Amino acid sequence: MNKRVIISGVGGQGILLASDILSDVCLKAGFDVKKSEVHGMSQRGGNVVSHVVFGEKVYSPLISEGDADVILSFEKVEALRNIDFVKKDGVMIINDLEIYPLPVSCGLADYPKNPIGEIKEHLKNVIVINGQEEAEKLGNIKVMNVILLGVLASHLDIDKDAFIQTIREKVPQKTIDLNLKAFDVGYNYKG
Amino acid sequence: MKELLSGNEAVARGAYEGGLHFAVAYPGTPSTEILENISKYKEIRSQWAVNEKTSMEIGLGASFGGAKTLIAMKHVGLNVAADPFFSIGYIGARGAIVIVTADDPGMHSSQNEQDNRNYARSAKIPMFEPTDSQETKEFVKIALGISEEYDTPVIIRITTRICHSKSIVEFNDRKEFPIKGYEKNVRKNLILPAHARILHKKAEERLIKLREYSNNFKYNTIEYNDKKIGIITSGISYQYVKEAMPNASVLKIGFSWPLPDKLIREFADNVETLYVVEENDPFMETEIKAMGINIIGKDIIPITNELNPRIVKEAFKTVEPFAPLDIKEKAPIRPPALCPGCPHTSVFRAINKLKLIATGDIGCYTLGALPPLSAMDTCVDMGASIGNAFGIEISQPKSDARKIVAVIGDSTFYHSGITGLIDVIYNKGKITLIILDNSITAMTGHQDNPGTGKTLMGEDTVKMDLKKLVEGLGIKHVYEINSYELEGVEELIKRETNRDEPSVIIARNPCVLLPEIRKKPKDKYRVDPDKCTGCQLCVKLGCPAISFDKSTKKASISEQYCVGCTLCVQSCKFDAINKIEGSL
Numbered sequence: 287m288n289k290r291v292i293i294s295g296v297g298g299q300g301i302l303l304a305s306d307i308l309s310d311v312c313l314k315a316g317f318d319v320k321k322s323e324v325h326g327m328s329q330r331g332g333n334v335v336s337h338v339v340f341g342e343k344v345y346s347p348l349i350s351e352g353d354a355d356v357i358l359s360f361e362k363v364e365a366l367r368n369i370d371f372v373k374k375d376g377v378m379i380i381n382d383l384e385i386y387p388l389p390v391s392c393g394l395a396d397y398p399k400n401p402i403g404e405i406k407e408h409l410k411n412v413i414v415i416n417g418q419e420e421a422e423k424l425g426n427i428k429v430m431n432v433i434l435l436g437v438l439a440s441h442l443d444i445d446k447d448a449f450i451q452t453i454r455e456k457v458p459q460k461t462i463d464l465n466l467k468a469f470d471v472g473y474n475y476k477g
Numbered sequence: 005m006k007e008l009l010s011g012n013e014a015v016a017r018g019a020y021e022g023g024l025h026f027a028v029a030y031p032g033t034p035s036t037e038i039l040e041n042i043s044k045y046k047e048i049r050s051q052w053a054v055n056e057k058t059s060m061e062i063g064l065g066a067s068f069g070g071a072k073t074l075i076a077m078k079h080v081g082l083n084v085a086a087d088p089f090f091s092i093g094y095i096g097a098r099g100a101i102v103i104v105t106a107d108d109p110g111m112h113s114s115q116n117e118q119d120n121r122n123y124a125r126s127a128k129i130p131m132f133e134p135t136d137s138q139e140t141k142e143f144v145k146i147a148l149g150i151s152e153e154y155d156t157p158v159i160i161r162i163t164t165r166i167c168h169s170k171s172i173v174e175f176n177d178r179k180e181f182p183i184k185g186y187e188k189n190v191r192k193n194l195i196l197p198a199h200a201r202i203l204h205k206k207a208e209e210r211l212i213k214l215r216e217y218s219n220n221f222k223y224n225t226i227e228y229n230d231k232k233i234g235i236i237t238s239g240i241s242y243q244y245v246k247e248a249m250p251n252a253s254v255l256k257i258g259f260s261w262p263l264p265d266k267l268i269r270e271f272a273d274n275v276e277t278l279y280v281v282e283e284n285d286p287f288m289e290t291e292i293k294a295m296g297i298n299i300i301g302k303d304i305i306p307i308t309n310e311l312n313p314r315i316v317k318e319a320f321k322t323v324e325p326f327a328p329l330d331i332k333e334k335a336p337i338r339p340p341a342l343c344p345g346c347p348h349t350s351v352f353r354a355i356n357k358l359k360l361i362a363t364g365d366i367g368c369y370t371l372g373a374l375p376p377l378s379a380m381d382t383c384v385d386m387g388a389s390i391g392n393a394f395g396i397e398i399s400q401p402k403s404d405a406r407k408i409v410a411v412i413g414d415s416t417f418y419h420s421g422i423t424g425l426i427d428v429i430y431n432k433g434k435i436t437l438i439i440l441d442n443s444i445t446a447m448t449g450h451q452d453n454p455g456t457g458k459t460l461m462g463e464d465t466v467k468m469d470l471k472k473l474v475e476g477l478g479i480k481h482v483y484e485i486n487s488y489e490l491e492g493v494e495e496l497i498k499r500e501t502n503r504d505e506p507s508v509i510i511a512r513n514p515c516v517l518l519p520e521i522r523k524k525p526k527d528k529y530r531v532d533p534d535k536c537t538g539c540q541l542c543v544k545l546g547c548p549a550i551s552f553d554k555s556t557k558k559a560s561i562s563e564q565y566c567v568g569c570t571l572c573v574q575s576c577k578f579d580a581i582n583k584i585e586g587s588l
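Protein sequence lines correspond, in order, to chains A and F.
Every number in this note's numbering is 286 more than the matching position in the first sequence, counting from 1.
Every number in this note's numbering is 4 more than the matching position in the second sequence, counting from 1.
In case anyone wonders, no lab produced these hints; they're calculated from the structure.
Careful, some of the hints might be misleading.
[Unchecked claim] To spell it out: a stretch of chain A is covered by chain F in this simulated footprint if at least three of its residues, at any positions, have a beta carbon under 8 angstroms from a beta carbon of chain F; those stretches are: (1) 308-315; (2) 365-374; (3) 377-391; (4) 401-408; (5) 421-427; (6) 434-441.
[Said to hold, decoys possible] Derived CB-CB ranges, DEER-like: (7) Glu7/F / Gly341/A: 44 to 54 angstroms; (8) Asn176/F / Asp445/A: 42 to 52 angstroms; (9) His408/A / Thr556/F: 29 to 39 angstroms; (10) Pro514/F / Pro458/A: 44 to 54 angstroms; (11) Thr58/F / Asp445/A: 33 to 43 angstroms; (12) Glu419/A / Arg503/F: 56 to 66 angstroms; (13) Asp463/A / Lys583/F: 33 to 43 angstroms; (14) Thr465/F / Pro458/A: 28 to 38 angstroms; (15) Gln459/A / Glu495/F: 52 to 62 angstroms; (16) Asp463/A / Asn309/F: 45 to 55 angstroms.
No experiment lies behind these values; they were computed from the predicted model shown.
Note that CB positions come from ideal geometry on N, CA and C, so glycine has one too.
Between the sequences and the hints, there should be enough to build the whole structure, so can you do that?
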C-alpha cells in the first residue's frame, strides 16, 4: 500500500525543503515516489502545502481529502486548515507554534484559541511537539525542521538509515552531527 | 542514472538530451523553472525575452537559421504570443520549434484557467500531453524530432501538477546536431496572402499525416481491464484515473492533437460505456462526439478547477461525497502579503490615503489590493494598468473624476507597459503612472530583466535607463523617488495627480528578498507601549511584522521579521517606535 504524507506550514518555514528531503529518502529506500506542491503566491507568507506519496507504484502525486496517512504541520492553524486531508485513523504531527496571518496581526480576524484541542476532538492520533523548545535545547533554533522530520520518520515504514544518509548529504558538513542529533530527538520523541 | 525531477526540470533535461540549441521565455508561474534549468546546460544558449511575443519571434528566427529551438510560457503568455504563433502554424519549422505551454487548472497563480489545448486545434499545430516527468522528458525529445520531420512547430502542453510535481526520471546522454544554417525561402517564410493560401493547404495536409502518426504513437496506449468502463484520458488526469479507477480500461492519450481517431474507435468498440476524464474544457469530448461516438465527459466531470483522485471517484460514484469538517472554518485565511519592508508599501499607503483610483498590474504588487492597504481597483493582464487608467480618464466627466494612477512593476512595464504609455502620450492622456522599480522580476522568484544589467546566463549586459526611456517617449514630468520616504512618496503622488499633464513616478528600492539585501545587517525597531496610543497608523501599512493586540490596544513589532525599513517609524505620530540599540 502506498503511503501518503502531507507537510504543511507557512511560506518561509522550509516546507518545500523538508518534503524534498523526504522524497529523496523514499527514492533512496527503493520506493516509487511522487511529490507535488505549488510555487508562486505561496512565497509571500501564504500557506504552503507539499504532498509526498511513496510505495511500490505511485500514480497520483496529489493527495485527496481523507487520504493522507500522516500530516506534519509546522504551524497550528495550518494543521487545522488541512484536517480534512488526514484519514480517520491517520496521524497528525503538529508543531506547537503560532504564526499570525496578516488579517490576524492587523486585527481583522482572530487566531483560534485552541486549534490543537479542536483537532484532538476529531482525531485519535495527534502528536504535539514544541519544535522551537527542543531546538533551543540543542542550542540552535535552525534544527527545528530536522527535529520535526525525525518525528515524521518515526511514523513511516522507511529504513532510518535512508534518512541519516540523506541528511548527511543535504546539510552543510559542519552541521552534520548537530542535525543527526536533532533528527534523533524527533525520532525518539514520545508525544 | 535516476533522479527525482519536476516536470519543468524534465523539460530542461529533455531539451538537453534532444540536442536543443536555443531556448527563450518570459518567466511566468508555473513555467519559470524550465528556462532556469535549461540555463544550467552551457551547451544550450538560453535567454529571457521581454515578453512571450518577442520570445516566439526570436525562437522562430532561430528556426529560420536552422537551430533547434524551445519557447516556454505560462498559458496566458500564449495569448501574448498568439500573433506569431498562428503564423508559425503555417510557416513550419526548419530548425525544430517546441512550444511549451504551462496551463494552470485551479488557478494557483493565474488570472484564468484557459485550456490551451484549444490553441493546438485553432493553429493547426500538433500537441503532446505528458503524464509525468519521465514522459515529459521523452516527449520533448520526440517533439524536437517530429518538428523537423513534419516541418511543423510542436506544442508540449503541461499543467501545474506536471510542472511542480516530482517523479523519477532516467537520464540519457545528449545527442549533438549541427545547426543547419540559414536558407532564404520567401514562399515559406514570408507569408503574403499568395504564399499563405498555399501554406494553409499544406498545414491541413500535414495534420492528416500527423493523425496517422498519432494512431501509431507508442505512448497513445490502451490498457484493457474490466471492459464495462472505458476511460479516455490525458496528462495528469491519467494519474488520477489510474488511482481512482484501478479496474477500468483506459486509453491514455499522449499525443492529443490530432487525436488518434482509429485508436479511439477501436477502444470505443471494445468497452461497454465510454468516458472521458479531462481537466477544464471538453476538448477531447467534443472531438470524439463529432466522430459520432457516444461518450460521457462533462456530464460527470467538473469543467472548473483542477481534478484529483477523489473527484474522479465521486464522479463514478465509487465513494460517497466527501463531508468536510466544519472546524477547519476556524482557521483564519492566510493570504500571501507584501513582505515586511517591501519597497512598494509606501506607494500603496499613499494611494489608500489619497483615495485615488488605482489600476493595477501583474506581479507581487497586486498584493497591494488586499486589506489593509486596499489600494488597487483593477488587475487584468500584463501591462493593462496603463490602458485601463487612460480609459477610465476618458470615460469620466471632469466634474466628478477622482484622480487616476496606474501602478506597474519594472518588468511588467518592459513586458507590455511601454506601448500603453505611448498611447497615453499620443492621445493626450493625463494619468500618472507609478513604476515600482525593485530592479528584478520578483513575483516569479527573481529573474533578471532589461533593467538588471544581467542576462539569464549570468553575463553583464546593458542596463536599461528607465527614466531616460520614459523621457524619450515624450513624458515631460518624470520623477524618481526613494520609496522608503513615506511622506515624500505621498506628496509626490499628490502633486503629480493634480497635474494637467501625464507624468511618471519611478519609486525605487530593491526587493527585500534579494540575497544581497537579505545579507545586509539591519536595524530592528520596537514599539514603546507607554507611548503607543493604539491609533493603528502603523498597522495600516500592512506590514506582516506589525501586529495589534485588541485587548491591550497596543501595536508590536516582531523582531524576527522586522527588516528596519522605518516606514512604521515615519508613520507614527507619537514617537512610539524606536530603534533597538545595538540591534544592527
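Just to make sure I understand the rule, a stretch counts as covered if three or more of its residues have a C-beta closer than 8 angstroms to a C-beta of the chain. Does the segment 434-441 of chain A meet that for chain F?
Result for this restraint: violated, n = 0.
Please check whether Asn176/F and Asp445/A have a Cβ separation lying inside 42 to 52 angstroms.
At 30 angstroms between Cβs, range violated.
Distance restraint hint 44 to 54 angstroms, applied to the beta-carbon atoms of Glu7/F and Gly341/A:
violated, 19 angstroms
Okay, the segment 401-408 of chain A and chain F, do three or more residues pass the C-beta test at under 8 angstroms?
holds (count 5)
Kindly confirm whether 29 to 39 angstroms is satisfied by the beta carbon distance between His408/A and Thr556/F.
holds, 33 angstroms
Given a hinted range of 44 to 54 angstroms, is it respected by the beta-carbon distance of Pro514/F and Pro458/A?
violated, 27 angstroms
Annotated coverage of the segment 377-391 of chain A by chain F, confirmed only when three residues or more have a Cβ within 8 angstroms:
holds (count 6)
Can the segment 365-374 of chain A be counted as covered by chain F under the rule of three residues or more with Cβ-Cβ separation shorter than 8 angstroms?
holds (count 5)
Cβ-Cβ distance between Asp463/A and Lys583/F: within 33 to 43 angstroms?
holds, 38 angstroms
Apply the coverage criterion to the segment 308-315 of chain A and chain F: a residue qualifies when its Cβ sits closer than 8 angstroms to a Cβ of the chain, and three qualifying residues are needed.
holds (count 3)
Cβ distance range 52 to 62 angstroms for Gln459/A and Glu495/F, holds or violated
Between Gln459/A and Glu495/F, where Cβ atoms are some 53 angstroms apart, the hint holds.
Indicate whether the distance between the beta carbons of Thr58/F and Asp445/A respects the range 33 to 43 angstroms.
violated, 51 angstroms
Hint violations for this structure: numbers 5, 6, 7, 8, 10, 11, all remaining hints satisfied.
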